[in-house]
Every structure is written in structure tokens, then in C-alpha cells.
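Okay, here's what each chain looks like letter by letter:
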Amino acid sequence: MILSFDLILLLFVFICAIAAITIRDLLSAVVVLGAYSFFMCLLWTEMAAVDVAFTEASVSAGIGTVLMIGAVSKTKRRSND
Amino acid sequence: MFEFIISHYNYWMYIGLMMVGFYAMMVKRNLVKKIIGMNIFQSAIILFYISTSVKKGASVPILEHAHEGHGAVAHAVDVMQYANPLPHVLMLTAIVVMVATMGVALAVAIMIYKRYHTLEEDEIIMAMKRG
Numbered sequence: 001m002i003l004s005f006d007l008i009l010l011l012f013v014f015i016c017a018i019a020a021i022t023i024r025d026l027l028s029a030v031v032v033l034g035a036y037s038f039f040m041c042l043l044w045t046e047m048a049a050v051d052v053a054f055t056e057a058s059v060s061a062g063i064g065t066v067l068m069i070g071a072v073s074k075t076k077r078r079s080n081d
Numbered sequence: 001m002f003e004f005i006i007s008h009y010n011y012w013m014y015i016g017l018m019m020v021g022f023y024a025m026m027v028k029r030n031l032v033k034k035i036i037g038m039n040i041f042q043s044a045i046i047l048f049y050i051s052t053s054v055k056k057g058a059s060v061p062i063l064e065h066a067h068e069g070h071g072a073v074a075h076a077v078d079v080m081q082y083a084n085p086l087p088h089v090l091m092l093t094a095i096v097v098m099v100a101t102m103g104v105a106l107a108v109a110i111m112i113y114k115r116y117h118t119l120e121e122d123e124i125i126m127a128m129k130r131g
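Line by line, the protein sequences give chains Z and H. For the first sequence, this note's numbering assigns the number 1 to the initial residue and increments by one for each residue that follows. For the second sequence, this note's numbering assigns the number 1 to the initial residue and increments by one for each residue that follows.
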């Protein structure tokens, strides 16, 4: 575990979380959430939890993003807040 | 006191992420935004659990030299060399549950959109009051 790498990844995760809840375009918000999941996956690899990391990359960043994009394309893309 | 706060920086970061998700669940009116907030909240909790398994100088929990000697040569395992794998196994289940919860929530949101033609919470409540 390298301290500076850990801090940079935590900062990226935090920025992605803030961006995902502030963007008004829902499709962009979902894609930013996918980026958040991938940064989380990097963080876990860095914490020596490789099994959790590849489950996160395939299940949460892969299938989760696909489900979200499907739901947004079935409903409205604009959000009021 | 200051040293305590600095040395537990990961916990402060997870609390911050958790609060971002909680804010989105409570304040945002769009239903998809609420689901995104729930996802962030859950992964912050998983991150907290995983961080309890980290040791200084430890590596990935895969046994070294496990395929040599065919079991005849039993060597002692140095525990401090590997990260604790128990929280990893528990949180593996939690990730799958997270995506399953998200799928059910999105299905409910699609049904709500089909009925009320909007995803905004205040507009849905107005339509429900109108009857």
C-alpha cells in the first residue's frame, strides 16, 4: 500500500462521486458512476483485495452501468436537479 | 489529536463518501439520482470493510510456494505476509447484492415512469394527490 497513490485514488473517487450526483444529464451521470466504479476497483487492487477488485470491475462497473443505461434510455434523460 | 485525525485519513474519506451518497438519497428529487446515491453509499461501506483487512507490508492473500512438495512438506504460513482475506470474502457477496438491489430499484423506477410519465419525486406526489 503506497500512501500517495492511495490518496490520489481516494481523491479521484471523491471527485467522481460528487460529479455523478451533480450532473443534470442522467446518461453522463451514469457514465461518471461507471468511472467511479473503476476507480474503486483500482483502490481495491491497491489494498491487496484482487478478488473484490475484479468482481467490482465485472459486476458493478460492467453490468451495473449497462442496467443503468438501459433504465435511462427507457425513461427520461433530463433531470431537474 | 491532530496525529490521530491524519493517521485515520481513510476513515474520514469513507465517511465523506457515505455522506455524499446519503445527501443524494435524501435531497435529490430525481429517482435515478437517488439510485446513484444508494450505489455510492453502499460502495463506501464496502470500502470501509475492505480497509480493515489492510496490513503494512502485506501482499495479495495467495499462498506462496503452495504447489511445491505435494503436501508432504508442510511449511508454516507467515500471517503477517498476507492481507486478511475474511473481509474480502464477505464483501464479495455484498457487491453482488448491491447490483441486485440496483436492478430491482431501476425496474421499480421504470414502472413508476410508465404510470406517471415523470421521474421527479415532487411531480409524482402532485399526480398522486390529484388522484
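Be careful, since some hints might not be right.
Cross-link-like lysine-lysine pairs, in silico, DSSO-like; alpha carbons within 30 Å at most [said to hold, decoys possible]: (1) H:129 - H:114; (2) H:129 - Z:76; (3) H:129 - Z:74; (4) H:56 - Z:74; (5) Z:76 - H:114.
Examples of chain Z residues toward chain H, derived with CB under 10 Å [stated by the list, open to error]: (6) 24; (7) 43; (8) 79.
Because the hints were derived from the structure by calculation, they are not lab data. Quantities reported herein were computed from a predicted structural model and do not represent experimental measurements. C-beta atoms are modelled at their ideal positions from N, C-alpha and C, and glycine is treated no differently.
**Q.** Structure-inconsistent hints, enumerated in ascending order
**A.** 4
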